[in-house]
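Now for the letters of each chain:
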Amino acid sequence: MRCARHAPPRPKELHTRWNAEIVARLVAGTTDTLASLGVAPGHIDVVDVPGAFELPFAAQQLLRAAAARGAPYAACVAIGVLIKGSTMHFEYISDAACHGLMDVGLRTGFPVILGVLTCLTEEQARERAGAGADPARSHNHGIDWAVSAVEMALLSQPTRA
Amino acid sequence: MRCARHAPPRPKELHTRWNAEIVARLVAGTTDTLASLGVAPGHIDVVDVPGAFELPFAAQQLLRAAAARGAPYAACVAIGVLIKGSTMHFEYISDAACHGLMDVGLRTGFPVILGVLTCLTEEQARERAGAGADPARSHNHGIDWAVSAVEMALLSQPTRA
Amino acid sequence: MRCARHAPPRPKELHTRWNAEIVARLVAGTTDTLASLGVAPGHIDVVDVPGAFELPFAAQQLLRAAAARGAPYAACVAIGVLIKGSTMHFEYISDAACHGLMDVGLRTGFPVILGVLTCLTEEQARERAGAGADPARSHNHGIDWAVSAVEMALLSQPTRA
Amino acid sequence: MRCARHAPPRPKELHTRWNAEIVARLVAGTTDTLASLGVAPGHIDVVDVPGAFELPFAAQQLLRAAAARGAPYAACVAIGVLIKGSTMHFEYISDAACHGLMDVGLRTGFPVILGVLTCLTEEQARERAGAGADPARSHNHGIDWAVSAVEMALLSQPTRA
Amino acid sequence: MRCARHAPPRPKELHTRWNAEIVARLVAGTTDTLASLGVAPGHIDVVDVPGAFELPFAAQQLLRAAAARGAPYAACVAIGVLIKGSTMHFEYISDAACHGLMDVGLRTGFPVILGVLTCLTEEQARERAGAGADPARSHNHGIDWAVSAVEMALLSQPTRA
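Residue numbers (full-length UniProt numbering), protein chains in the order written: chain A, 1 to 161; chain B, 1 to 161; chain C, 1 to 161; chain D, 1 to 161; chain E, 1 to 161.
Don't read these hints as lab results, they were simulated from the structure. One thing to keep in mind: the hints can contain errors.
It does not matter which identical chain is used: a pair holds within one copy or between any two.
Cross-link-like lysine to aspartate or glutamate pairs, in silico, DMTMM-like; alpha carbons within 25 Å at most [claimed, not checked]: (1) Lys84 x Asp48; (2) Lys84 x Asp144; (3) Lys84 x Glu123; (4) Lys84 x Glu122; (5) Lys84 x Asp134.
A quick note: this is a predicted structure, and the numbers were derived from the prediction, not measured.
One chain only, chain A, in its complex shape:
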């Protein structure tokens, strides 16, 4: 994800603080994979936001501000964990966050990777963060999100050049 002719773009990772331990694993999985793909650690910015509803807004503001400074991000991975509770909060937040992240990508022209787990149980979330009770069923989805971010950055950069 080096882009010699531009100010060095960096992937950005945004993540929420709910279910903090699971989120931390997903963030680590994303960051480590980005590094293993050749992205210099100094080129990865990680930003906290309160919850999944704030992810689209924060992504939009940070992507636009970086572009305005002449140091655009190559991609943004929006990471969060939503787990079904007893009210309908899960459904409305999940829907608004997923639609919002789609909109932010389409409006800004920068790739936004959906790193939001929408699980019915906490165990489902742990499995998708590589920390399930059964290692055979565990896989850290942060790995996939990092690969997607690099791939989408490479695909979409020429479309803005």
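Following the hints, complete the assembly by docking chains B, C, D and E onto the known chain A.
Showing chains B, C, D and E alone in chain A's frame:
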């Protein structure tokens, strides 16, 4: 949330009048927490709206008018309580309000905090306003919304500067 | 809702013709309440549309045309009754109408009141039009919509001035 | 739907080819009713599209192209039949088509009539095309869509003048 | 799909890598059918994206970049396979992808064909890729998508001329 170089921005709280007693607790939880975080009471505006469907429109109009006056709000907390009834009103209002509040944040560039409870029972709403029958299960979500508002105001202000 | 310094704005009521008797009661409840709140009858325009899907489009066109003529409406109450049938028509119309009315408010800057009942039975609709079998459970929601219209007109007019 | 002072606007009917026999009845019901309401047959354009997902896009492109040519359509009736199958295709297509048609009306300023049946069984669709097993339960909804198109054309034309 | 007076437009196929074998069949069905309809193989571009959430963004960026280069695509077929899992990921991705693809068509003015299967079981997906256990129930939907792409390209090109 002091912003010395700009006209003093204030957080705005919008809230509905349905389920008035629960809403009042949520508003108090938000306001008290904002104050405890150092926001001067004179810098907090509280505005009534009729119901949750009106929250996104009111948020947009007030955020834009304040910015046009040169005294922008730092953030807006939209507070309401929706409880499942016998018709489908709950589902359509909840969905329209959550999508609308997301849109208003993305369109205006000001952080809008989703302070709308979407509950299946009134007891669920009371618990989330810190007034449930079982104190151990009660927590006033207004506290979290105030923290989110301050955090998102700090995160997003430089993106508009 | 008198606005001395502008061309006299009027509230507009839009309503559908499905479930005509129930709609007529809701329109009457809205109109009578607007009058009781001091809105001159000559300042209330009532317009028919075929069904709920047409409400957002009609609201947008009439609000914009009135503004372009220099005689803006202060608010628009969109009234309709949707009742669950055997196909999925109810669900898709309800969703599109509620989202559309939200969008029209946000796009035009004029308050649009959601006067659409989304009921599972006709009796539920009658109760919400003040004509249920059990008077104790009956309440004409048009009364609330009129109050909301006046309140939102007062709240939002300075934001456009 | 004669509009003497403008280039003669025509209603446009768009329809899909899935469930072709039922669609043909709905198109005939719409066209015949438009004629009975005084729209000259030469003023009705009928256009095929592959499926319901294509209706909003085709409506937008044709409405805009006609307006750009100085021969705007007075309205567009988008006709299709969706029937629940074993996958979730029905739900996602129905939702995207209904939202898309709403958006096209709001964006173009031309009335778009939702002539899309969203049925759980084929018999439900036949009944709504006037061809159910029980004639007493059968009614061709194309008749209503034609009436809606004429009504919305009359209502909305002055808003664009 | 030859368009003599313009730079030769090409149909674009975008596809995801999840459920790779089924996707490969759908891509082959689409490509072969485009060829059988007279589209020169050199005029068909096939692009990989990580998953269905990335389809709308990639479609928008590639359609716009091609138009900016003076070599617009005639249409884009977005191909992917989503299968219901144990979390709610399927529902939120399906919804965001279908709405996003609709939006991209409406915003760019280029036809986007929904080639996304939203299935409850893998066997349902295999059947729709022409590889079900029961050949009589198997049909490669790529064939239909190719036909739709050609038809929509022909329908929509004059609307942009």
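Hint by hint, here is what the structure shows:
| no. | hint | verdict |
| --- | --- | --- |
| 1 | Lys84 x Asp48 | within (22 Å within a copy, 31 Å between copies) |
| 2 | Lys84 x Asp144 | both (23 Å within a copy, 19 Å between copies) |
| 3 | Lys84 x Glu123 | both (12 Å within a copy, 18 Å between copies) |
| 4 | Lys84 x Glu122 | both (9 Å within a copy, 19 Å between copies) |
| 5 | Lys84 x Asp134 | both (21 Å within a copy, 21 Å between copies) |
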